[in-house]
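Given chain A, put chain B in place with the hints provided.
In order, the protein sequences belong to chains A and B. Residue numbers for the first sequence follow the numbering used here, beginning at 757 and rising by one. Residue numbers for the second sequence follow the numbering used here, beginning at 29 and rising by one.
Just to be clear, a hint being listed does not mean it is correct.
Per the computed footprint, the stretches of chain A lying under chain B, defined by three or more beta-carbons under 8 Å from a beta-carbon of chain B, are [to be verified]: (1) 899-911; (2) 1009-1017.
Below, in silico cross-link-like pairs of lysine to any residue (SDA-like), each with a Cα-Cα straight-line distance of 20 Å or less [to be verified]: (3) A/Lys1086 - B/Val212; (4) A/Lys1163 - B/Lys371; (5) B/Lys335 - A/Asn1238; (6) A/Lys1100 - B/Ser282; (7) A/Lys956 - B/Ser302; (8) B/Lys109 - A/Gln800; (9) B/Lys138 - A/Asn835; (10) B/Lys369 - A/Glu925; (11) A/Lys1223 - A/Asp1243; (12) B/Lys335 - A/Glu882; (13) A/Lys1100 - B/Ala241; (14) B/Lys296 - A/Ala1229; (15) B/Lys193 - A/Glu996; (16) A/Lys956 - B/Val248; (17) B/Lys374 - A/Asp927; (18) A/Lys1026 - B/Val248; (19) A/Lys1223 - B/Asp112; (20) B/Lys177 - A/Pro803; (21) A/Lys1163 - B/Lys314; (22) A/Lys1223 - B/Met111; (23) B/Lys109 - A/Glu1228; (24) A/Lys1241 - B/Val248; (25) B/Lys371 - A/Pro932; (26) B/Lys371 - A/Gly964; (27) B/Lys374 - A/Pro1103; (28) B/Lys177 - A/Glu925; (29) A/Lys885 - B/Lys314; (30) A/Lys1100 - B/Thr284; (31) B/Lys348 - A/Glu925; (32) B/Lys219 - A/Pro967; (33) B/Lys371 - A/Glu996; (34) A/Lys1026 - B/Ser191; (35) A/Lys1086 - B/Asp267; (36) B/Lys374 - A/Gly922; (37) B/Lys138 - A/Asn1238; (38) B/Lys177 - A/Asp927; (39) B/Lys138 - A/Arg1227; (40) B/Lys374 - A/Pro932.
Hints in this document: simulated from the structure, not taken from any laboratory. Glycine included, C-beta positions come from ideal geometry on N, C-alpha and C.
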Amino acid sequence: MKKPLRTLAVVCFAGVCLAGYEAARPAPRAERASAPNRPDPVEQNGPIFEGWPKPKLALVFTGEQLGYIEPCGCAGLENQKGGLRRRATFLKQLRKQGWPVVALDNGGLIRRFGRQQEIKYRRTAEGLKLMGYKAVGFGTADLKLPAGALLSAVAEADMFVSANMGLFELDSGDTPRFKVIEAGGMKIGVTAVIGDRFRKQVTNEEIGFMPAKEALAQVVPDLKKAKCDLNVLLAHATLEETTALAKQFPIFNIAVMAHGADEPPHEPQKIAGTKTLLIEVGHKGMYAIVLGFFDDPRTPMRYQRVPLDHRFADAPEIDELMVAYQGELKDLEDQNGWEGLGLKRAPHAGGKFSGSKSCADCHDQEYAIWKKTPHASATDTLTHVKPPRQFDPECISCHVTGWEPEKFFPYETGYDSLKKTPGLAGSGCENCHGPGAAHVKAEEGSDKALQKRLREVLHQTAAGAGKEAQREACQRCHDVDNSLKFDFDTYWQKIAH
Amino acid sequence: MKTFLTMTAVVALGVAITTAVSLARMGTPMALSPLSLDLPAEPDAAPPISQPGPAIAADAGAKPLAVAEETEYDFGNLRNKTMDNRHTFQIRNDGAAPLKLTGSRVSCDKCTFVDFPQTVIQPGQTGEVVVRWNVDTFEDHFRQSATIKTDDPDHEEIRLVISGKVVRPLQAEPANLVLSNVQVGKEAQGKVRLRAYFSDHLEVVGHTLTEAATAQYFDVASAPVHKDELSPGVESAVDVTVTVKPGLPVGSFSQTLEIETSLADEPKLSIPLSGNVSGAVTIAGKDWDRDYNYLAIGHVKQSEGAKRDLYILAHGAEMKGLEFEPAEIDDPSALKVTYGKPKEMKEGTLVRMPVTIEVPPQSPLVNHMGGKEARLAQVVIPTNKSALGRVQVRVKFAVIAD
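Isolated chain A (complex conformation) (with noise of 0.2 Å):
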């Protein structure tokens, strides 16, 4: 060969190795976890659908999210599981792949009851609208809401579903009682109850209820004749209540139940005496659970239980749906304070909170200490996040003084905003002492003994009591959901005074 070609090839060898090597190179671990020392999810969470070819159909069960749009908790995220962004993102990456997906939720998307909880619910169902939620059943605090509230919900969307349950009456005609959903080359017929035992707990006129037996022996005739390749039963509902359900209905090749445990099964079950699959979704959205058919008869159908951990990264069409909840809740309270959320206060039984500069004018050490802590600085952390959460009861409740942290409701005297109630922002000397204002009254005046009594008091809520009541007052903030990592012995340095 000529030199110049011989160059030339040298170049051509090297210049083709090179770029080869650069694309195949994977990932190091490394860049996985994307700051330094965040754990890395595969390692912490188990890899997922190892061994998996393309399913020709993908079911992904959902359920019992219980209000958490955002990983349980919302302190350490590299620690928690779910979200609404992460499942968003989840499931996107399916589709991408190609997957025929149909996501099915057994309902349960909020907890508690109020004004909040109204619009927790109309986005996290615009969230699983977004998500391309096929169907999604309801849960009990769901069906604790007014059905005007549900209404607006469903009314935006038609994947709601339930064979037993109609919005001001049984045959509103607001949800169909089951569905027949085509993906992946095959029919999947869905219908959705809630149990007896559940049904029980619902106390509200404005929702038309049937017993789940009675309601599926009017649905299943019908799911027959639909002649479907699978049939889907979204029970939810007790265990029990479930098993009796699919023995009496075989019809249904795979069941969802409710209110099991925190984590789902790692591998699946079917239920003793039926051909019927038992699924169990966990609770708070941390899990999906994803059954892949296949045309394959050795390994016709495959399960994965899916950790929705940081592997999946926030989608930024729910980080705009989690503004604008956000956003909801900064308009009601700006136009009518807390009022406008539907919380009323409550008098503490301790009396008024002062704030923790005026126990300063006394304790400046102790003041000087809290001062330098997080504690201190709590209201800030909230105005930092994305979105702002300072208008969120359920995160206000903790990071300011004078609310009821478990309960997310202000106490009469307690915080209401950056503007008025200044001195109450951070989780303050009251939040672990009770209030102070009775106390620092009684300082000022000259009754020894009322003094006498109000010290007593006021030290007892802290380190007069023993150490198991002095954590469980911790624990009512520092609790497993938000702050997964916390030990009284070691965060207590951190603020002994």
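Frame of chain A, contents of chain B only:
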């Protein structure tokens, strides 16, 4: 031609070498996405870890073989708030080389713990793995797992699962009572069942309603549940009936019912009560503020306009035959109201009327965001029912330039 063939051969060789090197470097498929979708099925996967593996011939190459006969344990009923519930699993080494237990992880850092004092298990020996669980949960069922890592190449991880049912000495169902829709001027009732799992003589000895301002509107009564009606595992139960009496204002309400019981372990139980008192007419829909009675559309871009679907719900038998007359709009330049078809429901005691409130695109710039200079827009819907009269819908919005 010769040159071309030479170049083609060079490129092909480069690609072949590159591919071979890259494939050799790939271990567990990590992929750029978390999903390994294109791996073929593995018909020769390792045998299930719950079954003993095949005997290893001396000439097969010495390696450990981890065998766990039992990988799941059901604790059955566990009392809530009990600590250190434990079960010992066993891992046997059926291989020809020492088996190392190299690490572990648990599904719940706060509640599940795993100990294995023996990190090396000699061939033919068995090591113990103790999984401990602290019960502190609101849920009725639990399932947690501990995953043990080994150096058995065919069983790199062994998952041990514990499960069970949590019972509390005293349980209220529901744990909070919601009376979702109390009609103004009418009574409503709800029930809470108290269940005792470790006592056969549960009684309610007293109760308190903590919100003094509204306590007068609640009555509380209790009655024991007959033993024939008790669920399995329940030793005694009491039904507590809460009656909401007329007098509460329209809007949401909340109370806390504190119940004192005869149980030494659980003397007090706190049950939140909440709900809504509704008038004869309720309105529902996105952005409808039920407590302050207006539709908060907010700022609307002139080119886009906005539309909201509301439902007017008129309650009462007298609403049968309800008709809406054309709406009276105080700012018709920027608001349009259309009615859907009314629907009679609940045997004529409820009429549901869909109403669409629209700010049409290209409406003039107006401000109805409230305050003296910008009062809310008013829509009045006359009806043919004197009991209902004229339904007022206030709308908070402003049309802004794009």
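Would you list, in rising numerical order, the hints stated earlier that this structure does not obey? 3, 4, 5, 8, 18, 21, 24, 27, 28, 33, 35 and 38
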